[in-house]
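J.: Please model the entire structure based on the sequences and the hints provided.
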Amino acid sequence: MGQLNLPDERSQGHREIDPAFLVWLENVGVVVSCIAIVILAAVITSSVMGRAFFGSMIPDDLVISGELMVTLVALPWAYITAERGHISVELFTNWVSERGRIKLDILAAVVGLAMIGPLTWATGIALWQAIDYGSYFDGEFYLPEWPGRSMFFLGFLMMLIRLILILVTDITRLIYHGKIEKGRR
Amino acid sequence: MDPFLLGIRGFASVVILLALRVPIAFCLGSVAVACTFLFYAWPHGGEFNGPAGWRSATTILTSNSYDFVHSFELTMVPLFILLSQVAYHAGITTDIYNSARVWLARVPGGLAIASILGCGGFSAITGSSVACAAAMGRICTPEMLKAGYGQRLATSSVAVGGTLGSLIPPSVPFILYGIFTETSISKLFLAGILPGIISLVGYIVVVFIWVKINPNEAPAFTEEKRPGDRRRAAMRAWPAVLLFLIIVVGIYGGVFTTTEAAGISAVTAVLLGVVLRRLSFASFILSLRETAYQTAMIFMIVFGAKIFVSFISLTGVSPWLIAEVQAANASDWIVIAILCLMFLVLGMFLDPIGILLLTLPVSIPLVENMGLNLIWFGVIVVKLLEIGLITPPVGLNAFIIKAVGGKDIQIHSIFAGISRFLIAEVVILVILLLFPILSLMIPNTMY
Chain A
60 MGQLNLPDER
70 SQGHREIDPA
80 FLVWLENVGV
90 VVSCIAIVIL
100 AAVITSSVMG
110 RAFFGSMIPD
120 DLVISGELMV
130 TLVALPWAYI
140 TAERGHISVE
150 LFTNWVSERG
160 RIKLDILAAV
170 VGLAMIGPLT
180 WATGIALWQA
190 IDYGSYFDGE
200 FYLPEWPGRS
210 MFFLGFLMML
220 IRLILILVTD
230 ITRLIYHGKI
240 EKGRR
Chain B
358 MDPFLLGIRG
368 FASVVILLAL
378 RVPIAFCLGS
388 VAVACTFLFY
398 AWPHGGEFNG
408 PAGWRSATTI
418 LTSNSYDFVH
428 SFELTMVPLF
438 ILLSQVAYHA
448 GITTDIYNSA
458 RVWLARVPGG
468 LAIASILGCG
478 GFSAITGSSV
488 ACAAAMGRIC
498 TPEMLKAGYG
508 QRLATSSVAV
518 GGTLGSLIPP
528 SVPFILYGIF
538 TETSISKLFL
548 AGILPGIISL
558 VGYIVVVFIW
568 VKINPNEAPA
578 FTEEKRPGDR
588 RRAAMRAWPA
598 VLLFLIIVVG
608 IYGGVFTTTE
618 AAGISAVTAV
628 LLGVVLRRLS
638 FASFILSLRE
648 TAYQTAMIFM
658 IVFGAKIFVS
668 FISLTGVSPW
678 LIAEVQAANA
688 SDWIVIAILC
698 LMFLVLGMFL
708 DPIGILLLTL
718 PVSIPLVENM
728 GLNLIWFGVI
738 VVKLLEIGLI
748 TPPVGLNAFI
758 IKAVGGKDIQ
768 IHSIFAGISR
778 FLIAEVVILV
788 ILLLFPILSL
798 MIPNTMY
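Quick mapping for you: the protein sequence lines, in order, are chains A and B.
Residues in the first sequence are numbered consecutively from 60, following this note's numbering.
Residues in the second sequence are numbered consecutively from 358, following this note's numbering.
Calculated directly from the structure, the hints in this document are not laboratory data.
Owing to the predicted nature of the structure, the values given are computational and were not obtained by experimental measurement.
Be careful, since some hints might not be right.
To be verified - Chain B regions said to be covered by chain A (calculated; three or more residues, Cβ under 8 Å):
#	stretch
1	373-387
2	403-416
3	610-620
Said to hold, decoys possible - Some but not every residue of chain B turned toward chain A, in silico, with C-beta under 7 Å:
#	residue
4	V390
5	T419
6	H427
7	L431
8	T648
9	A649
10	F706
Every residue, glycine too, gets a C-beta built ideally from N, C-alpha and C.
T.: Right, here's the structure in full:
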C-alpha cells in the first residue's frame, strides 16, 4: 500500500546522483513552505480578530492567502520526490523481483516526467506572461501575480530536475543490477 | 479521436498505471496531460494538429490548476494539519485517552473502550485516520498488552477507533469532497458529528459484548488510584475540548467560516502549547515541517485529480454513465448499493484520498442526477473510505498498528479482531443509508 511518511520511517540509504545545491534548494523550499504556513495562520487569525474587535480585516487577505497557499504547496514537491514519498499502490507488485522493482521505478519516473514536463513548460509561459503583461489581482493593493506564479514554476522546475536525476539513477541501478541504493540518507 | 473512447481509455490507463506502482498523482496527472493533448490535437473527425493541441492543453491545464491551488478556501487543509501536528506534539490529542482510562479503569474492557474514546477525542482535533491510528497505536496498544489484554482486542480496537479520524470534524477527506463537489464544507463537518458518535458507540458496544463473552480477553485493570485522580484527569483534557468547541461551535454558530476556524484553532493550539509549556520550539518546527510535507503530498494528488477531472468533463463519460443508468431503469438503491460496493472494493487496495478523487468524477454526477443529498452522500463516502482502512488485504490502519506495535504483533491477529468490528460497521453503514436524517440533522439546523 501507499508509503507512509511518518517522520522516523523515511527511506534510508544513499543516492549516487544527488547534487548538493539541489539538496540545499529542496531543503530551502521546505523551510520557505514552513514560513508560509506561519504567515498564513497569522494572516487569517489577524483578519478574524480585526473583524471581531476593530471592524476591519487585513486588506487583500484572500489574495495574500492564495499566494501563500501556492508557495507552501509547490515548494516541497521536489523534496518529497527526492524522498520518493508520493503515495502509490504497492499491493500488486510486492511479488516482483528487485530488478523488476527498478524497472517499475523507471516507469514511475517516466510517467511523472510526462506530467511534470509539460506543466513546467506551461507554468513557465504563464509566469513570463504575468511579468510581461504586468498582471495583478483586483483588490486594495493591486498585488502582482508574478510572486505566486514564480513559486509555482519553481516548485515544478525543481521537481522536474529531481525526477530526471531519479530516472538517471534508476537506469544506472538497472545497469549495475541494483547495487546502488535508492532514497536519501 | 472520439472523446468518449478517449475518456474510457484514460480511466483504463490510470488503473493499469496504479497497479504498476506508479504514484497516484503521476497516474492521474500524466494521463490527463496526454489525453487532454490528444483531445485538442486530434478533434473528432478532424486532422491531427500537434502544436494546437499542445497550446490548448497546457494553457487549460495550467490555468485550471493554478486557479485551483490559489484558493483561500483550500488554506484550511494545511491549517488543520498544523493543528493536528501541534496538538499531537503538545500531547493535547492524547489527553482524552488519559482521562478516559482513569475513569473507565474498573469497567470490563475499560482500556479498550478508553482507547476508542481516545481515538474519538484525537479525531475531534485531527483530520486524518492514519495519523490517529499511528499516534494512538503507539500509546494504547502497548498499555493494553501490558495489562494482559489479548492481542486481537488490543490492536483491533485502536485500528478501528482510528477510522473515526475522517468522520469526526475536522476532516481532510470532507474538505476535499466539499471542494470537488462544490458542497458546503461547514455542513459536511457538522454532518459527520452524529455518524461519528454512532460509530464510536457501536465500537464500544462491540468491545463490551466481546469482553462479556470472553472475559479473558480483557483482564481487570488494577492500577493504584489516589483520591482526586479522576477529577485531575478530567481537568487535564480541557485543551482538547476547547479546540473542538472552537471548531464546531464557531462553524455551527456562524462565528467564522471553516477556513477561519482552521486558522484560529491552529493558532490557539500553538498558544496553548506554549502557555502550558507542553510545546518546545523543536516540536513546533517539527510540526511545521510535517505540515509542509503532508500538505504538499496531498496536494500533488489533488493537483493530479483536478486536471484529470477537467479532462473527464471534456469527454462526456459522466453523461454517458447517467444515460446508461437511466436506460437500465435501475432504482436509486441499486445504484447506491453498486457505488458502495465500488468504494468498499477500492478501499481494499487504494489510499482513501486516491479513491475519493478518482471516483468523484463518475459517482457525483450519478448521485446528483438521482436528486440525492450530496452532504449525506459525502458522509456515506467517507464512512466507506474508513471501512476500507480496516479491510484486508491492505487495511492501512491494521498495517500501521503492526508497524508501530513491533514485531510481536501479528497482522492476522489484528484482522481477526477487526472482523468483529466489521459486523458493527456494516450495521452502522446500513443505518446511515436508511436514515439520512442522522447525517443531516445538525447541518439542517445550522444558523
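J.: Against this structure, judge whether each hint is valid.
T.: Hints, verified against the model:
1. 373-387: holds (count 13)
2. 403-416: holds (count 4)
3. 610-620: holds (count 5)
4. V390: Hint holds; V390/B Cβ to chain A Cβ min 5 Å, cut 7 Å.
5. T419: Where the cut-off is 7 Å and the nearest Cβ of chain A is about 4 Å from T419/B, the hint holds.
6. H427: The hint holds - H427/B has a Cβ within 7 Å of chain A, the shortest such distance being about 4 Å.
7. L431: 6 Å, holds
8. T648: Where the cut-off is 7 Å and the nearest Cβ of chain A is about 6 Å from T648/B, the hint holds.
9. A649: With a closest approach of 4 Å, the A649/B hint holds.
10. F706: 6 Å, holds
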